[in-house]
Amino acid sequence: MSLLSVKSLTASYGVSQALFGVDLDINPGEVVALMGRNGMGKSTTVKAICRMIAAGGTLEFAGQNLHALPSHKAARLGLGLVPEGRRCFRDLTVAENLLATSRLGDWDMGRVTQLFPRLGERQSQLSASLSGGEQQMLAIGRALMTNPRLLILDEATEGLAPIIRQEIWAAINRLKADTDMAILVIDKTLAELEQVCDRAVVLERGKTVWSGTMAALTPEISERYVGV
Amino acid sequence: MSRETLFNAALLLGLIAVPAWAVMTDEPFTITLATRAVILALAAAGLNIALGIGGLVSLGHAVFFGIGGYAMGILAHHAQSYTPLMEWPFLIEGTKFMPLIWLLAIVVSALVALVIGILSLRTTGAYFIMITLAFGQMFYYFAISWSTYGGEDGMSIYVRNDFPGLNTLAPIQFYGLCLAILVVVLVFSARLRRSPFGLALNAARQVPARVEAVGMDPMRLKLVAFVISGVITGLAGALFADLNRFVSPTMFSWQFSGEIMILVILGGVGRLFGPVAGAVTFVALEHFLGGITEFWHIFLGLILLAVVLFARGGITGLVAGKEATHD
Amino acid sequence: MSTILIIEQVLNGLQSGVMLFLMAAGLTLIFGVMGLINLAHGSLYMVGAFAAAAVAGVTGSFVLALIAALAAAALAGAVIEVAVIRRLYDSDHLDQVLATFALILIFSEGTRWVFGSFPLFLDIPDALSGPVTLPGGIQYPLYRLALIGVGLLVAFGLWLLIERTRIGIQIRAGENDREMIAALGVDISKLYTLVFALGAALAGLAGALVGAIQSVQVGMGEPVLILAFVVIVIGGIGSIKGAFIGALLVGLTDTLVGIFLPEVLKLFMDAAPATSAGSSIASMSIYILMSLVLIWRPSGLFGARA
Amino acid sequence: MTETILATYGITKSFGALKASNDISIDLRPGEIHAIIGPNGAGKSTLIGQICGSLAPDAGRVELMGQDVTTLSTDQRARAGLGRTFQISALAMEDTVLENATLGAMGASGRPWRFWSAALGDRSLRARAEAALERVGLADHKTKRCADLSHGQRRQLEVAVALTLEPKAFVMDEPMAGLGAEGSKNLTGFLDSLRQEAPILLVEHDMDAVFALADRISVLVYGEVIATGSVDQIRSDPRVREAYLGESA
Amino acid sequence: DVKVGMITTLSGGGASLGIDTRDGFMLAMEEANRNDVKVIIEDDQRKPDIAVQLADKMIQSEKVDVLTGIVWSNLAMAVVPATTAQGLFYLSTNAAPAQLAGKGCNPNYFSVSYQNDNLHEGAGAYATQAGFKNTFILAPNYPAGIDSLTGFKRFYEGDLAGEVYTKLGQTDYAAEIAQIRASGADSVFFFLPGGMGISFLKQYADSGVDLPVVGPAFSFDQGILQAVGEAAVGVKNSSTWSKDLDNEANAAFVAAFQQKYDRLPSIYAAQGYDTANLLLSAIDKADVNDDAAFAAALKEADFASVRGEFSFAANNHPIQNVYVREVIKEGDVFTNKIVGTALEDHANAYVDECKM
Ligand SMILES: Nc1ncnc2c1ncn2[C@@H]1O[C@H](COP(=O)(O)OP(=O)(O)OP(=O)(O)O)[C@@H](O)[C@H]1O
Ligand SMILES: Nc1ncnc2c1ncn2[C@@H]1O[C@H](COP(=O)(O)OP(=O)(O)OP(=O)(O)O)[C@@H](O)[C@H]1O
Ligand SMILES: [Mg+2]
Ligand SMILES: [Mg+2]
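Read top to bottom, the protein sequences are chains A, B, C, D and E. Residues in the first sequence are numbered from 8 upward in steps of one, following our numbering. Residues in the second sequence are numbered from 4 upward in steps of one, following our numbering. Residues in the third sequence are numbered from 144 upward in steps of one, following our numbering. Residues in the fourth sequence are numbered from 455 upward in steps of one, following our numbering. Residues in the fifth sequence are numbered from 23 upward in steps of one, following our numbering.
Next up, chain A with everything else stripped away, as it sits in the complex:
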């Protein structure tokens, strides 16, 4: 049975509808890419899954109906979100950011700072004064501290230096190998997604228009839906 099961998901911002029927399934241990051009509804899908906006359609995680849960309860089932725009807690230090959401499990401060040594170095700096890249690392670290079963990375490597990007992809690869954490990634670098992801789901105008294995994602399809 799949860990996350999304069917015919719809969602609106006020009067303007953003999602018209998103279908998405993720199995334990799977790494799935959510793709699509700007404004096609990727982030909205993520927000709906995390119960940050109201949505219609089927939304199940680990066998539970997410619609029935408020955002924090949904998260406790094992959703770890790295949001678009990072959204670190500005007035908290790096260490406090990590502590704020930590839940018991394999991931703790030690392991996160091992993954991102720079966070260890800047432990007592306010996160508002971190560089953009540092904030991204912090956001990932913060999500890992909740020991999620499904890690959701919205714009996983936005604004990161190539070398750190490689680190993050490496980290994702390691997570994939060492744990049975499922991962949903949104990112714009197709080449890199192709290396780590098992499957891809492509959105256009708020709808799932294609899904399949990474191998099946032909250049024609990506040209058509992603533009490269």
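Each hint should be verified, as a subset may be incorrect.
Unchecked claim - The calculated lysine-lysine pairs, modelled on BS3-like cross-linking and capped at a C-alpha distance of 25 Å, are:
1. E/K307 with E/K321
2. B/K325 with D/K598
3. D/K596 with B/K325
Hints in this document: simulated from the structure, not taken from any laboratory. Small disclaimer: the values here were computed from a predicted structure and weren't measured.
Please build the complex by placing chains B, C, D and E with the ligands on the supplied structure of chain A, with the hints as guidance.
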């Protein structure tokens, strides 16, 4: 025509119709009540420029209201007691001539707003709220102990001041004068909101960094807005004093600042007619609830609470919905 | 003026500062940490005082009175939070201003409705009444010393809670981004209800403690509210330490300027106008202090966060 | 004609013990795109802040068109001809796309001190704003509120606002961030054409874009410029590979 | 028919004073039980601008003949001059500022309570009688406070150990009490109305300073005393009325008030009661529309005052005794009893300034 425009037009027509209604029902006091609402709306319209467009949450606007009041009080006091205001270095006499009083109210309000603005605009958010409040309190305590002009007791001016061509003692005529001024200010506000200045100010509230990056100084925009806003509220203060033929330090009190702000919020922050809707509602509630029970504040509180919880965007928001975007 | 008197007045200033801190503590928690402008904080202070006076009147026990004050204010706080405030976190600060202003009206007149229009009686417990003699021969009311003690305890406890506990961290995180902290699995709503109740309880405690040496009457909360705002703004919003230092500064300024300024002015002018001018300026002194602090440091003394 | 449009001389800035900028001297010549790359936290945004005036350098000097602008405020520098984009979008979210663009046009055209006529009714302002929107491909979204735009669209608007200024030099902090692959590709093409109008100081982590666009690249590490050179020079510089590029490229 | 408009404070902090005024006034009206007098009551919220507005309303819409009821001097200053200028009568149940007694006096304005200075003058006279030589005096820094200290000094013959103006609305008096302790005073006079007085007395009692204290009745009012408690017992205060004043009218009033409202009356209630009775006595004698005749009828003061002897001075302010009371505990209730007379048949200091 949008719903908001309709609502605004209805409000305005209602205000214009008040005298006729008062005469018909033989309730002349209604005119005085409406005058009070109109003047408070004017004060709130002043604040609405700083608060609604510029995001300057000033809890010190009573300063300008009080300055307007005292401009009227002091000038008229000297005129009625035939004592000069100042003999040295040059002679200044008191006056009962409204336009002169207004001029003084405006000039002093502008100067004070400039100084308070320069000092306060370094701060933001709650700090701004509190520093403006602090200036308000300074003026308040100063007025309380300013024994020359009555201290806490304030000053009574026995007869309303003069305006050429009007008998200001006739409630209808004074009302007409106040309403005319309110309309002028509202027209000005309406233009201002869409003017380059309004656009820039609006942006300065949301993203000062952006405004700077395109070559404008957000500080200066806010300062100018604060001065304009203070001037309008000051003018309202002068009219208010004339309405009551009385000024006192309560015009400077933080409760009054709060009340002006409540009017704006109640009516709908940043909405053109928000201050009018707020003032009319508040004055009406105050008047009619007071007659029902001694504990009418409870009901006033519940009504205000209902407005916040169920009407996003104040009364205007409730009636007219979300503000339409203009192209 | 003797040194003893000067020392005593400094002590008075410090003590009134600590008392102010007690009032400001709950407000800092709610305003500073949760980012909510709660004008009704003064009402909670009043609720505490009235609850204490009512219970003390019936039972005669000051301890029970304090417990009642804490409980009543906390309960009122929790109810307010769930019924009103909770819907306002996402909206404008201004909506909060209007809503909490409405709450002031409801609480003030509600209290008058329940308890009548006359001030209530609340006295300090016998065990703490009367003065003690401090080293140097200063006579000082024991109760006020006790207030200082309680104030220091509250200050320390709050500082620990906010700066050192995980709950404190989560509360502060919630202030930055409520949606995000919830999406990461923290039940921020419950947390905020608790914090609000705690802040309210502190206000109630202050009301009861201070009510014992002041008058317990409707409207007692509003002047205190303004002072408490002054305090936390001087100290820097969100900083417990700042609120503490700010309270002491305000207490000292208020006391010492009021006492000494007329004396200083008398050196330059006649006694009568000096007294009157001196006390006029004195009543403005804390506001002058606040604006000077803010002009110098626009986000308060310890408000690095803002 | 001045040889350099924009230049810094020995810019230094510390945050406590951290030297975020250490004696940085770079310049921007007519018609070129000069890319600044470097690891996260190297001090790129800090450098931009000092160039644009939101941060004051501890030491050093900034010149625009040969004029020393070090002591000028941000808005004065903008009027002097500096057009910047922010790493994290700074837009008036409640306003429409067109209003945001008009804001830029207004600032550039001089003063906002007009209180009566409608801003959007001003032909020249509007034309300028619409032209900029057209160029970044937001013409269809003119009347949308900014808050309703997707992340990527906001990035486009960010560039459009800078365009309305018609500046002497562009300073762009990660304009590609958040753009999809297609968006990046389009923007790359667009910036390529933009350099004719005014040179661009470009901070960017998107190496495809940087390598496609840059005439020169400076590499910033720990607040210091460790290398400046052409694309090929930088690509093959072992220090740069170690500190920034890794195995890629 | 006569229409009476009562503007008084019925909500907010000062409500207890207005409520007593109203209750005293209405008690007299009910006892008279007549249908040719109509009373309209409105709440001024203790705000001057609201008071003015209510006065306008009563004059313009309700067409009242007489206004009354205002508790506070600053509100009276806002309403009274305009009211008398329009030819209406104003009867004060409490506030009686100096301006309205002196240059600003008016034939249509009567203070049925006192002139504001009276109680302070009484306290000063008492301080002299009691042999105080070195008194420390304090009051809030506002016109009524300044008048108060001036009034005290008018009849006090000893020296001043200190003269202090406190902040209006101040609640903590530790600093002033320390000053008193250090001043070498032999007694204290204070004028701190409302909650200020409660705070001062409680803190004073707890401070260990035990110099004799005297003050005007405002801080020892029936409504306030219960909140001060033991701290007030024994303190002397000056008043023109007390519930134990020995005259028939007063005995009847106190009994009827207690019967009807289930509490002891205060001085505000007594003044309200007297005002109503004065008004009724004048209505019986003259037409309210005949200004001169009605004023004359009022001036006769032909009613049974609960204060005993009562007449009007040339400036329409009372001539009456000022008594010294002491706070006592009667069973569970704190109240006052008369222990002496400070001033007999006392008028006020402004009579000569009044030209009418
Ligand atoms: N807060 C919002 N309010 C109103 N509309 C919104 C909001 N956020 C997004 N939208 C609209 O919803 C649609 C989908 O946006 P979404 O952010 O999900 O896109 P996306 O695929 O994540 O794009 P990007 O790659 O640019 O982040 C867009 O058309 C956008 O304009
Ligand atoms: N106000 C500040 N206080 C303390 N440290 C700061 C402050 N601002 C920036 N820093 C630090 O200075 C360094 C440079 O930051 P900067 O934002 O310039 O990096 P950057 O090169 O733009 O990085 P990125 O590519 O990730 O955006 C970082 O380590 C950051 O943490
Ligand atoms: Mg997105
Ligand atoms: Mg950066």
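A quick look at each hint next to the structure:
Annotation: proposed proximity of E/K307 to E/K321 holds, straight-line Cα distance about 11 Å (limit 25 Å). Note on B/K325 and D/K598: the hinted pairing holds, with a Cα-Cα distance of about 15 Å set against a maximum of 25 Å. Pair hint D/K596 plus B/K325 holds up; C-alpha atoms about 19 Å apart against a cutoff of 25 Å.
Consistency with the previously given hints is maintained throughout, with no hint failing.
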